[in-house]
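There are 2 protein chains.
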Amino acid sequence: MARPNPDQVKSVTTIGAGPIGAGWAAHFLARGYDVVAYIHDPAEEAAFRKILDTGWVSLEGLGLAEGASRDRLTLTSDLADAISGAEFVQESAPEILELKQALYAQLSELVPEDVVISSSTSGLTMTEIQAKCPTAARTVVGHPFNPPYLLPLVEIVGGDQSSPEAVAWAAAFYKAAGKAPLVMNKEIPGFVATRLQEALWREALHMVANGEATPEQIDTALINGPAPRMALQGQCMAFHVACGEGGMATNLDQFGPALKLPWTRLEAPELTPELRNRMVDGCNEIAGDRHFEDMAEARDRGIVAILNAIKEVQT
Amino acid sequence: MARPNPDQVKSVTTIGAGPIGAGWAAHFLARGYDVVAYIHDPAEEAAFRKILDTGWVSLEGLGLAEGASRDRLTLTSDLADAISGAEFVQESAPEILELKQALYAQLSELVPEDVVISSSTSGLTMTEIQAKCPTAARTVVGHPFNPPYLLPLVEIVGGDQSSPEAVAWAAAFYKAAGKAPLVMNKEIPGFVATRLQEALWREALHMVANGEATPEQIDTALINGPAPRMALQGQCMAFHVACGEGGMATNLDQFGPALKLPWTRLEAPELTPELRNRMVDGCNEIAGDRHFEDMAEARDRGIVAILNAIKEVQT
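Protein chains in written order, with my numbering: chain A, 48 to 362; chain B, 48 to 362.
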């Protein structure tokens, strides 16, 4: 069997009954796929269905794909049954290396070799997970941001034995399935989003430990300060656009020295010419031919929409 | 003259023609105040008006207060004129200590002693700024998150000579003026929001320097991962609610050891029982009598609204 076109996948198998596994099942159902969900123990069904039903409310709010229905879910505790007919497998088994290694060895026998198997793992690497899998080339990580039915991000990365084609196929498939895929160049602990979030979280803990801020002050600051903007523009483009014509180059050349200030307990990196240029070139690439004034205007329009949406939902 | 009731202020003076000064003027006009704006050099008028007009588009989008109008702006380059009749002064002069110290000495003579003078400073402390001001008790910092007409956060903190009453009055006034005030307990570099943002920014720079991520990957991760949730729930309550019944206590007791993992280059603080309890108590206080399921449901509803608002504004 040849790998299907990523746009034409009809049937997905999910593995796992926890918030991630059930959240993925909810997402794929809402995007109009047939979903076969493997749960290890039939006793997990009630918990699985509760997550599915909770997620469904949000998924309806976001808009279901044509023909999407929870009736297109098949639940099973027979792995071979779960796999038969799968064109893609999303694995969200417990985060125990030995367990995952054994599972991937088993999947290797059950799943046709062209079908991509993607792991939701947040704490393990695919290089470790695939170590005992005879068909490792088609295994990748597709790490969602929790909850998987709601936040679009999926961080995709292969292990040492993964084929670049499988990684590219997974990215194309996730995109077709309504996700925002981020293909990483190498396996790093915490991926990108969690790592950035963790830096912020550690600084928050330091501030509370030192009596500099309370949890309430921290949350008030985030909600009313950087977050609404960050939902539209990441930190790189936020600085790029805020600096006008000069963009990121102005930001780094002018405020670079401020990196040395003892704001936060995270040591700043050395601002080498190479780092400067990577940041500047990266932002210019994202901007393309858009003028900073147009991007600033789009940002403001977006923040207004976000603030109004929050206001509406909270009253 | 006694300090006016914070809810009954009618006239505000802003000082400064840059994005912060003009942004504040735009905000106060939109909230229905009479605004007298002092600009140092009449030649700055065009730039000032451009920021005002840009901000006005967003302020109209957010909804103007009754009677709000740009016609209620008076521009002047005469400081004494600007001050006469002011019930509150928002100072956004250049970030040069000697300049601000001289300005506050001058304001001390011009502004009735009960009127609160609030500085937008981001890099200086009020203890430094007020050092040569004979009427320092009524001077405070009211630090906006840029742009001031759009993002609700104002971080408020006094210097050594500031009176607690002036700080409390400023917080009540900003709240009446449609802002989200955050009163800080002590002066710390970077305040709360910028400090948290800076930790994230430094980690982002490290990742780019090490070839672990590009600016585009960083922004994709933030926009599609933590940011839409963070616009509703700060990082503390996000973890509290995500951990269900157990809340922040479960988060710290279960995932505390993960703090030691080399995710991010920011060293984790020691998770002492005291820090643990401050985090747990803080989150419980914010939650009040709301059940975690209700908070999770409100979060999801809010994220759906935010994602739909972004989608709408981008198509």
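Watch out, some of these pointers could steer you wrong.
Identical chains share a label here; the pair holds if one copy fits it or two copies do between them.
To be verified - Listed next, the in silico DSSO-like pairs over lysine-lysine satisfying Cα-Cα at most 27 Å (straight line): (1) Lys233 <-> Lys97; (2) Lys179 <-> Lys233; (3) Lys57 <-> Lys358; (4) Lys179 <-> Lys358; (5) Lys222 <-> Lys358; (6) Lys307 <-> Lys57.
Hints in this document: simulated from the structure, not taken from any laboratory.
Hints, one by one, checked against the model:
| no. | hint | verdict |
| --- | --- | --- |
| 1 | Lys233 <-> Lys97 | neither (36 Å within a copy, 45 Å between copies) |
| 2 | Lys179 <-> Lys233 | within (20 Å within a copy, 55 Å between copies) |
| 3 | Lys57 <-> Lys358 | between (38 Å within a copy, 25 Å between copies) |
| 4 | Lys179 <-> Lys358 | neither (51 Å within a copy, 43 Å between copies) |
| 5 | Lys222 <-> Lys358 | between (30 Å within a copy, 16 Å between copies) |
| 6 | Lys307 <-> Lys57 | neither (53 Å within a copy, 42 Å between copies) |
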